[in-house]
Amino acid sequence: MHLYTLTAKRFALAIALLIFSSLVLRIYLSTIDLGSISAALIELSRFFTVLTNFFVMVIMFRIAWAKRTPRTSTVSAFVMSLTGVGLVYHALLAHLWDPQGLALLADHLVHTIAPIAALTWWLCFITRSDLHWRLPAQWIAWPLIYSVYALIRSSFSQQYPYPFLDAAAHGYMQVFINLIGLSAAFFIIGSVMIAAARWMQAKAG
1 MHLYTLTAKR FALAIALLIF SSLVLRIYLS TIDLGSISAA LIELSRFFTV
51 LTNFFVMVIM FRIAWAKRTP RTSTVSAFVM SLTGVGLVYH ALLAHLWDPQ
101 GLALLADHLV HTIAPIAALT WWLCFITRSD LHWRLPAQWI AWPLIYSVYA
151 LIRSSFSQQY PYPFLDAAAH GYMQVFINLI GLSAAFFIIG SVMIAAARWM
201 QAKAG
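Counting along the sequence shown from 1, when you hit position 25 you're at 25 in this note's numbering, and nothing is skipped either side.
Think of the hints as simulated: they come from the structure by calculation, not from any bench. Glycine included, every Cβ here is placed at the ideal spot set by N, Cα and C. It is possible that part of the hints are untrue.
[Unchecked claim] If you anchor each label on the Cβ, the simulated ranges turn out as follows: (1) Ser-155 - Leu-105: 31 to 39 angstroms; (2) Asp-130 - Ser-157: 22 to 30 angstroms; (3) Val-58 - Thr-112: 14 to 22 angstroms; (4) Gln-174 - His-90: 20 to 28 angstroms; (5) Leu-34 - Thr-120: 29 to 37 angstroms; (6) Cys-124 - Ile-180: 30 to 38 angstroms; (7) Leu-3 - Ser-157: 41 to 49 angstroms; (8) Cys-124 - Ser-155: 40 to 48 angstroms; (9) Ala-168 - Trp-133: 33 to 41 angstroms; (10) Asp-130 - Ile-32: 20 to 28 angstroms.
[As the list claims (entries may be wrong)] Below are the SDA-like pairs computed for lysine to any residue, each with C-alpha atoms no more than 20 angstroms apart in a straight line: (11) Lys-9 - Ile-113; (12) Lys-9 - Ile-126; (13) Lys-203 - Thr-127; (14) Lys-9 - Thr-72; (15) Lys-203 - Ser-191; (16) Lys-9 - Ala-117; (17) Lys-9 - Ala-66; (18) Lys-9 - Arg-128.
The task is simple: from the sequences and hints, build the whole structure.
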């Protein structure tokens, strides 16, 4: 268990409320499109972005309120994943659609603002003594678990959440290659996060 400062708890609560609001907005918009909340929840649960934002929200609420806070490795793993959400989206996916109005706001909240806020919190408040270079290899577990889940689910529905997971269009071998590349990207993101945290610790003396 880690004892976070009041500032860290307040910042974590702000992030949790931000993500909660963004997810409620996404559910509202999907409910309008699909006709029911249940259909919206089923649809949104296909996406790594939504699930990762949800888990980060839960973690931040726990940091803000719970007596027993999450482990540094758990917090770091999901912050890394959310950082990856933002980077992968803007590098590979943003050009695939053109949201407007509230959809644009929801898009920026989950793909840009939440990742930046969570990473900023992590850099400022994470327990740096718990960070080791081997950890990013463990942190990529969640993206890999999600990928297996998405592929199994998509094999029944034939609706793939992301182009790089579309086995129907590209074949499972290409999807496997894509996942190796994405895993490497997440590993690099995690390593850069640790390097940045250690640099900040050294600079602080």
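Hints versus structure:
1. As the Cβ distance of Ser-155 to Leu-105 is approximately 33 angstroms, the hint placing it in 31 to 39 angstroms holds.
2. Evaluation of the 22 to 30 angstroms hint for Asp-130 and Ser-157 yields a failure: the beta carbon distance comes to about 40 angstroms.
3. One distance hint, 14 to 22 angstroms for the beta-carbon pair Val-58 and Thr-112, holds here, with the actual separation near 21 angstroms.
4. Between Gln-174 and His-90 the C-beta distance comes to about 23 angstroms, which sits within the given range of 20 to 28 angstroms.
5. Evaluation of the 29 to 37 angstroms hint for Leu-34 and Thr-120 yields a pass: the beta carbon distance comes to about 34 angstroms.
6. Checked against the given bound of 30 to 38 angstroms, the beta carbons of Cys-124 and Ile-180, roughly 33 angstroms apart, stay inside it.
7. For the pair Leu-3 and Ser-157, the supplied restraint of 41 to 49 angstroms holds, since their beta-carbon distance comes to about 45 angstroms.
8. Hint check: Cys-124 to Ser-155, Cβ distance near 42 angstroms, so the stated range 40 to 48 angstroms holds.
9. Distance hint check: the CB atoms of Ala-168 and Trp-133 are about 38 angstroms apart, consistent with the given range 33 to 41 angstroms.
10. Hint check: Asp-130 to Ile-32, Cβ distance near 43 angstroms, so the stated range 20 to 28 angstroms is violated.
11. Restraint check for Lys-9 and Ile-113: satisfied, since their Cα atoms lie roughly 18 angstroms apart, inside the 20 angstroms limit.
12. A C-alpha spacing of about 12 angstroms is found between Lys-9 and Ile-126, which places the hinted pair at or below 20 angstroms, so the restraint holds.
13. Annotation: proposed proximity of Lys-203 to Thr-127 holds, straight-line Cα distance about 15 angstroms (limit 20 angstroms).
14. Taking the CA atoms of Lys-9 and Thr-72, the gap is about 15 angstroms. The hint holds against a cut of 20 angstroms.
15. For the suggested pair Lys-203 and Ser-191, the alpha carbons sit about 18 angstroms apart, so the restraint of at most 20 angstroms is met.
16. Our distance criterion of 20 angstroms between C-alpha atoms is met by Lys-9 and Ala-117, whose separation comes to about 13 angstroms.
17. Between Lys-9 and Ala-66, the direct Cα distance comes to roughly 10 angstroms. Compliance with the 20 angstroms bound is thereby established for this hinted pair.
18. Of the supplied pair hints, the one linking Lys-9 and Arg-128 holds, its CA atoms being roughly 17 angstroms apart against a limit of 20 angstroms.
Violation of the numbered hints given earlier is confined to hints 2 and 10; the remaining hints are satisfied by the structure.
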